[in-house]
Structures are given as structure tokens and as C-alpha cells.
Amino acid sequence: MPTSPFPHVPLKNQLLSALAREEYTRLLPDLKQVELPTGKVLFEMADTVMHAYFPLSGMVSLLAITEAGDTVEIGMVGNEGIVGLPAILRIQKAPYRMMVQVRGRAVKVRADSLQDEFNRGGRLQDVLLRYTYMLIMQISQSVVCNHYHTVEQRLSRWLLVTCDRVRSNEFHLTQEVISHMLGIPRTNVTMRAGMLQQKGLIRYGRGKITIIDPRGLEAAACECYRMVKEEFRGFLAA
Numbered sequence: 313m314p315t316s317p318f319p320h321v322p323l324k325n326q327l328l329s330a331l332a333r334e335e336y337t338r339l340l341p342d343l344k345q346v347e348l349p350t351g352k353v354l355f356e357m358a359d360t361v362m363h364a365y366f367p368l369s370g371m372v373s374l375l376a377i378t379e380a381g382d383t384v385e386i387g388m389v390g391n392e393g394i395v396g397l398p399a400i401l402r403i404q405k406a407p408y409r410m411m412v413q414v415r416g417r418a419v420k421v422r423a424d425s426l427q428d429e430f431n432r433g434g435r436l437q438d439v440l441l442r443y444t445y446m447l448i449m450q451i452s453q454s455v456v457c458n459h460y461h462t463v464e465q466r467l468s469r470w471l472l473v474t475c476d477r478v479r480s481n482e483f484h485l486t487q488e489v490i491s492h493m494l495g496i497p498r499t500n501v502t503m504r505a506g507m508l509q510q511k512g513l514i515r516y517g518r519g520k521i522t523i524i525d526p527r528g529l530e531a532a533a534c535e536c537y538r539m540v541k542e543e544f545r546g547f548l549a550a
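Using my numbering, the letters of the sequence shown correspond one by one to residues 313 to 550.
No false leads were mixed into what you were given.
As a list, the in silico EDC-like pairs of lysine to aspartate or glutamate whose alpha-carbon atoms are at most 16 Å apart: (1) 520 / 482; (2) 405 / 359; (3) 405 / 356; (4) 405 / 424; (5) 541 / 530; (6) 420 / 342; (7) 511 / 530; (8) 420 / 347; (9) 541 / 392; (10) 520 / 488; (11) 541 / 476; (12) 511 / 464; (13) 324 / 347; (14) 324 / 392; (15) 420 / 392.
Think of the hints as simulated: they come from the structure by calculation, not from any bench.
Could you put together the complete structure from these sequences and hints?
Right, here's the structure in full:
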């Protein structure tokens, strides 16, 4: 995707950076930078979506929830995407919980302002429609992954995707959080993370994860990681 339409503005979100200058100018009065602290719930399932967030850093999880309150992650959003897509779908109802897992910052925009610009049918509309396709693909592949692949493959994939979203080989996440994201017992996370550490692929301690050997970790992951990454690479290059 092209660089920011306003080089003097430190835009780090790849969707905003893809906008035409006039689109960004129209949105600018309604854009506000906000903090995304770890654990902050941006939307609960069925909430009315009054704003959308374009992450500049950090990572937001999209979580499906059972009636019993159990969760499993179905998607991740970093600075390649947007949180709050219902803002442009004329539904404005959150289909799942959207929660910050790795702290960062975002640009927040009112849903009506985003909808108005989307309806103009310009670059913003094209970018958000293509991103919606990518998100659907990511969620669909997560269903396949959760059903068919081993815990070690899923954990390896999840760590790699997190690394891609936060753009760092180091991030802070507890085993309890990871167990909720993968929908597996914490003991399984402890055991599998220990195995990855013994293989020299990661280093883990006090809630901090460091990916030491990304290629080795990718070899341990399932094909879902490579499939989705290739699709995203093509999307971001468009």
C-alpha cells in the first residue's frame, strides 16, 4: 500500500495510509488518537458500534463467546486493519467481543463519519471492502485450524500471527490469556510452550514471550499461518 497521504502525520495504520489525500482531509477533523491498554474491551458482543478504531500499534483480539462465558479467538487485528467494521455495514452491532491483548495506540473515528466517507465510493470503500474479505478469510481459517490441527501447531501459528500484528519478536502475554485465546486448558499451554522453548524456538518467562527462531516456529506451525500471511501480503501490496 502507498505511504501516508500526509507525510508529516505519523500514520502507522496501513489502511489509513492507503487513503487518497482528499479522503484523509475529510476524515481528519473526526480522527482522535487514543491509548489501547491491555485488557480494554472496545466492544462487547451485541454492543452498538458508535466508533471504529484503526490500530497504530498493539493487537486486538476478536473473541467468540459461549453462554457459559468461555472464549476462543477467531481473529486478530493490528496496524494492518480496523476494529469496528460494522460501522460501515449499516448494522452497527458487534458480532463478537473485541479486546486489546497487546497494548498500543489507535486512531478513533465516529461511525457516522466513516460511513459517510465510505458511501462516497472512493479509495476508502475499496480498501475496507478488501480488508473485510481478508478478515472473513482469517476467521474461516481459524475454524479449520481449531478443528484439525494440534495444540503445538495452533500455538506456533498464534505466536507468529501475534508477532506479525505487533511487528515485534517480543510481546507480553500470560499463559492464562493464551489459553483463553486458543480455547484450551492452561496446562496444555504450559506444556506446549515449554516444548517450543526446549527446541530453541521461543523464550518465555514472567509473561514475556520472545520468538528466537521465526523460521523454526513457522515449520512447527500449520499451513494456516502461511496461507493467511500470503493473502495479507497480496492485500497490503495492492
